[in-house]
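Asker: Listed below are the residues making up each chain.
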Amino acid sequence: MNEREKKFFLRIGSNKEKQYIKKIGTLFSGLMVKANYFESAHGMLSGTFLKFNSLLPPVGYVIDPITYVFGRDPRYIKSWQKINKDKAEDKLRSELRIEANEELPSDWIREIETPTKAQKNKVEIYNIKKAYQNLADAYFSNIDNNLLCMVGKRPLIGNDFNANSINTFVKNVISYQEQAVTRHYDTTKYSDFRETVPKPSIVLSPYFLIENQEDLNFMLEIWRSFDTQYGEGNGAIVLQCTTNFLEDNHNRLVDAISNIEKNIIFLWIDGFYEENASSTQLEAYVKFVSETSSNGKNIANLYAGGLSPLLFPFGLYGIVNNIGYGMQRDAEPVEGGIPTAQFYIPTLHIRQQVLASYDLFIRNELGNSNNDFYRDICSCPICKEGIKNGVRDFIPFYGQMDYPKSKPEGPKKYPTSAALKRCTFHFLFSRLREFKWALSATKQEVITKIEQESNIWRSNKDHMERLKTILEDITST
Amino acid sequence: MAQAKNKNNPSEKKMVEAISDLFRREGYNNQRTESQFCEKFIDFICWDKKATKVVAVEAKVKSPAKAFKQASMYRYVADYVYVAVLRNGRNERAIELAIATGIGLIFVRRDTLDRYYAKIKIVPIKSNYKDENLTKYILD
Numbered sequence: 000m001n002e003r004e005k006k007f008f009l010r011i012g013s014n015k016e017k018q019y020i021k022k023i024g025t026l027f028s029g030l031m032v033k034a035n036y037f038e039s040a041h042g043m044l045s046g047t048f049l050k051f052n053s054l055l056p057p058v059g060y061v062i063d064p065i066t067y068v069f070g071r072d073p074r075y076i077k078s079w080q081k082i083n084k085d086k087a088e089d090k091l092r093s094e095l096r097i098e099a100n101e102e103l104p105s106d107w108i109r110e111i112e113t114p115t116k117a118q119k120n121k122v123e124i125y126n127i128k129k130a131y132q133n134l135a136d137a138y139f140s141n142i143d144n145n146l147l148c149m150v151g152k153r154p155l156i157g158n159d160f161n162a163n164s165i166n167t168f169v170k171n172v173i174s175y176q177e178q179a180v181t182r183h184y185d186t187t188k189y190s191d192f193r194e195t196v197p198k199p200s201i202v203l204s205p206y207f208l209i210e211n212q213e214d215l216n217f218m219l220e221i222w223r224s225f226d227t228q229y230g231e232g233n234g235a236i237v238l239q240c241t242t243n244f245l246e247d248n249h250n251r252l253v254d255a256i257s258n259i260e261k262n263i264i265f266l267w268i269d270g271f272y273e274e275n276a277s278s279t280q281l282e283a284y285v286k287f288v289s290e291t292s293s294n295g296k297n298i299a300n301l302y303a304g305g306l307s308p309l310l311f312p313f314g315l316y317g318i319v320n321n322i323g324y325g326m327q328r329d330a331e332p333v334e335g336g337i338p339t340a341q342f343y344i345p346t347l348h349i350r351q352q353v354l355a356s357y358d359l360f361i362r363n364e365l366g367n368s369n370n371d372f373y374r375d376i377c378s379c380p381i382c383k384e385g386i387k388n389g390v391r392d393f394i395p396f397y398g399q400m401d402y403p404k405s406k407p408e409g410p411k412k413y414p415t416s417a418a419l420k421r422c423t424f425h426f427l428f429s430r431l432r433e434f435k436w437a438l439s440a441t442k443q444e445v446i447t448k449i450e451q452e453s454n455i456w457r458s459n460k461d462h463m464e465r466l467k468t469i470l471e472d473i474t475s476t
Numbered sequence: 000m001a002q003a004k005n006k007n008n009p010s011e012k013k014m015v016e017a018i019s020d021l022f023r024r025e026g027y028n029n030q031r032t033e034s035q036f037c038e039k040f041i042d043f044i045c046w047d048k049k050a051t052k053v054v055a056v057e058a059k060v061k062s063p064a065k066a067f068k069q070a071s072m073y074r075y076v077a078d079y080v081y082v083a084v085l086r087n088g089r090n091e092r093a094i095e096l097a098i099a100t101g102i103g104l105i106f107v108r109r110d111t112l113d114r115y116y117a118k119i120k121i122v123p124i125k126s127n128y129k130d131e132n133l134t135k136y137i138l139d
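Same order as they appear, the protein sequences are chains Y and S. All the letters of the first sequence, read from the start, carry residue numbers 0 to 476 under numbering that gives the first Met the number 0. All the letters of the second sequence, read from the start, carry residue numbers 0 to 139 under numbering that gives the first Met the number 0.
Be aware that one or more of the hints could be misleading.
[As the list claims (entries may be wrong)] Using 20 Å as the maximum straight-line C-alpha spacing, the simulated EDC-like pairs for lysine to aspartate or glutamate come out as follows:
| hint | chain 1 | residue 1 | chain 2 | residue 2 |
| --- | --- | --- | --- | --- |
| 1 | S | K49 | S | D139 |
| 2 | S | K125 | Y | D254 |
| 3 | S | K135 | Y | E408 |
| 4 | S | K59 | S | D47 |
| 5 | S | K129 | Y | D358 |
| 6 | Y | K286 | Y | E471 |
| 7 | S | K135 | Y | D461 |
| 8 | Y | K412 | S | E33 |
| 9 | S | K129 | Y | E444 |
| 10 | Y | K420 | S | E38 |
| 11 | Y | K387 | S | D130 |
| 12 | Y | K152 | Y | E177 |
| 13 | Y | K50 | Y | E16 |
| 14 | S | K120 | S | E11 |
| 15 | Y | K411 | S | E25 |
| 16 | Y | K404 | S | D130 |
| 17 | Y | K387 | S | E131 |
| 18 | S | K68 | Y | D401 |
| 19 | Y | K406 | S | E33 |
| 20 | Y | K406 | S | E25 |
| 21 | Y | K412 | S | D139 |
| 22 | S | K39 | Y | E16 |
| 23 | S | K39 | Y | E408 |
| 24 | Y | K406 | S | D139 |
| 25 | S | K39 | Y | D461 |
| 26 | Y | K387 | Y | E408 |
| 27 | Y | K404 | S | E131 |
| 28 | Y | K128 | Y | E94 |
| 29 | S | K68 | Y | D461 |
| 30 | S | K68 | Y | D358 |
| 31 | Y | K411 | S | D139 |
| 32 | S | K129 | Y | E364 |
| 33 | Y | K442 | Y | E471 |
| 34 | Y | K411 | S | E33 |
| 35 | S | K135 | Y | D401 |
[Stated by the list, open to error] Chain Y side only, calculated, beta carbon under 7 Å to chain S, not exhaustive:
| hint | residue |
| --- | --- |
| 36 | V333 |
| 37 | L359 |
| 38 | I361 |
| 39 | N363 |
| 40 | R391 |
In case anyone wonders, no lab produced these hints; they're calculated from the structure. The model shown is predicted, which means the values in this text are computed figures rather than measured ones. Where a beta carbon is used, it is the ideal one built from N, C-alpha and C, also for glycine.
Work out the full structure: start from the sequences and follow the hints.
Answerer: Set out below in structure tokens:
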């Protein structure tokens with residue numbers, strides 16, 4: 000594979016992130032969005048995709064169908080929604096497809112704890128979120144074995160599907176991705192224009208989390224169906240598995256992937272955090288990438304951690320990063336909460352809170368002057384703008400906080416939008432630099448780089464040393 | 000059983016009240032609780048008239064190791080940093096950590112039925128890492 004074809008996708012997760020896309024989105028290989036977010040912001044996203052696709056060279060887009068959510072605990076796709084008392088039961092029954100003779104769980108309707116005047120006649124219902132409802136309709140509505148009726152009540156499992164329903168489901172998921180943006184322009188107003196609406200640059204297979212052999216068998220059926228039904232060269236399968244499964248079934252997974260026709264594989268290892276992974280876990284990931292790549296497969300990490308760009312010379316095909324929040328994530332989502340400012344430390348390949356980063360710099364005696372900071376920590380344009388006196392500028396610049404406008408008297412300060420922006424641009428610039436460097440690096444150059452970076456740090460570098468040992472082993476065999 | 004346990008363990012709030020009394024006796028009349036330092040909250044911070052001496056305390060009912068880890072970050076804004084723990088028969092770990100880190104140790108024990116008393120057990124080493132700008136940033 001030509002190194003120039005390697006990919007770095009940027010995942011957009013909220014409307015606020017549009018500012019980053021507008022400024023530096025063109026520097027990435029493509030944009031990615033999760034289907035639930037696409038459903039809630041399809042106007043803005045369709046416009047953005049259209050604009051980016053009209054550039055020369057075009058910057059494509061990918062819609063992650065996130066089908067796995069329907070295989071997880073339904074609480075992740077449900078929320079408490081306020082509604083008039085008299086409509087509550089009907090709405091729940093209709094949207095969760097609960098028959099009249101079926102009992103409605105009593106704890107799915109509750110009184111509002113402190114209702115406002117306007118909420119006097121309202122209650123809360125535990126309903127499926129609209130975006131997931133739309134996805135469930137798109138993926139399951141024309142499948143006859145009641146899959147749609149189970150959504151929001153219990154997780155779907157492989158046994159809920161048969162050969163026919165797998166084929167229809169796979170077809171629906173392909174069709175959803177292909178038509179998501181087109182559908183937005185599917186009105187008379189845009190009739191002359193519809194043909195020019197871009198298709199996604201990559202179409203992903205449906206996927207569910209693989210925790211055991213049974214799950215793998217189910218996913219093999221899905222992947223085979225995807226191979227048959229989507230013959231285009233831009234089809235990619237998604238492999239989502241637990242860290243343990245990858246570690247324990249390495250050869251089986253390499254064989255399974257090698258027997259799939261599609262050459263692009265998006266990998267998501269649940270519970271895998273590169274900087275905290277044990278040597279054997281990290282080795283399982285690196286060897287999987289390296290061995291499948293030797294078999295002609297292109298592995299892209301759907302939630303790439305700090306170390307992943309170093310694997311490009313070892314066969315990694317692509318990485319995807321969020322603009323905000325953590326780089327890696329679990330299949331079971333955590334509550335979002337209020338964003339904290341996080342700083343990506345390029346020479347340590349980890350991203351952490353500002354005070355924890357500052358603590359690391361001091362303990363390692365780094366960044367005493369601005370030049371020391373640029374040499375040992377980062378010299379991106381954002382750091383050069385704000386770090387004029389070494390590490391002492393770090394907290395006021397990247398950790399700037401203030402009381403929110405709504406509560407100017409406190410009690411809690413939050414990162415200012417300027418600080419969040421600085422952290423984000425610094426992260427994106429740093430990752431782009433890592434990506435570009437790794438494109439032309441040799442295996443030996445990567446090992447040397449890790450060694451040089453490790454030498455900067457006295458402590459907290461175990462993850463780098465673990466990776467270096469693994470890469471040296473691979474290179475020598 | 001759980002009730003009895005709670006009865007013997009004051010909340011961190013009660014501990015901070017006792018710590019406040021301790022430093023008032025030492026002449027530190029400028030005091031603040033829950034001072035935000037980036038993403039962390041310093042349980043108790045106090046300073047002398049000109050803010051030339053700043054003291055920060057992390058109070059923990061449980062997990063002394065966590066408390067020392069968190070308190071180590073307060074050395075960037077305070078001259079003297081302490082961890083406050085409840086005095087009981089299981090304080091060896093806290094004493095070891097205080098000696099190893101140079102962070103001071105305060106014992107809090109019940110004085111009367113609903114009053115707690117704080118006493119310095121180990122005096123901290125003065126911080127070499129205090130950055131006046133960061134201190135100002137916290138105290139302003």
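Asker: Hint by hint, which ones does the structure fall short of?
Answerer: 2, 4, 7, 9, 12, 15, 16, 18, 20, 22, 25, 26, 27, 36, 37 and 39
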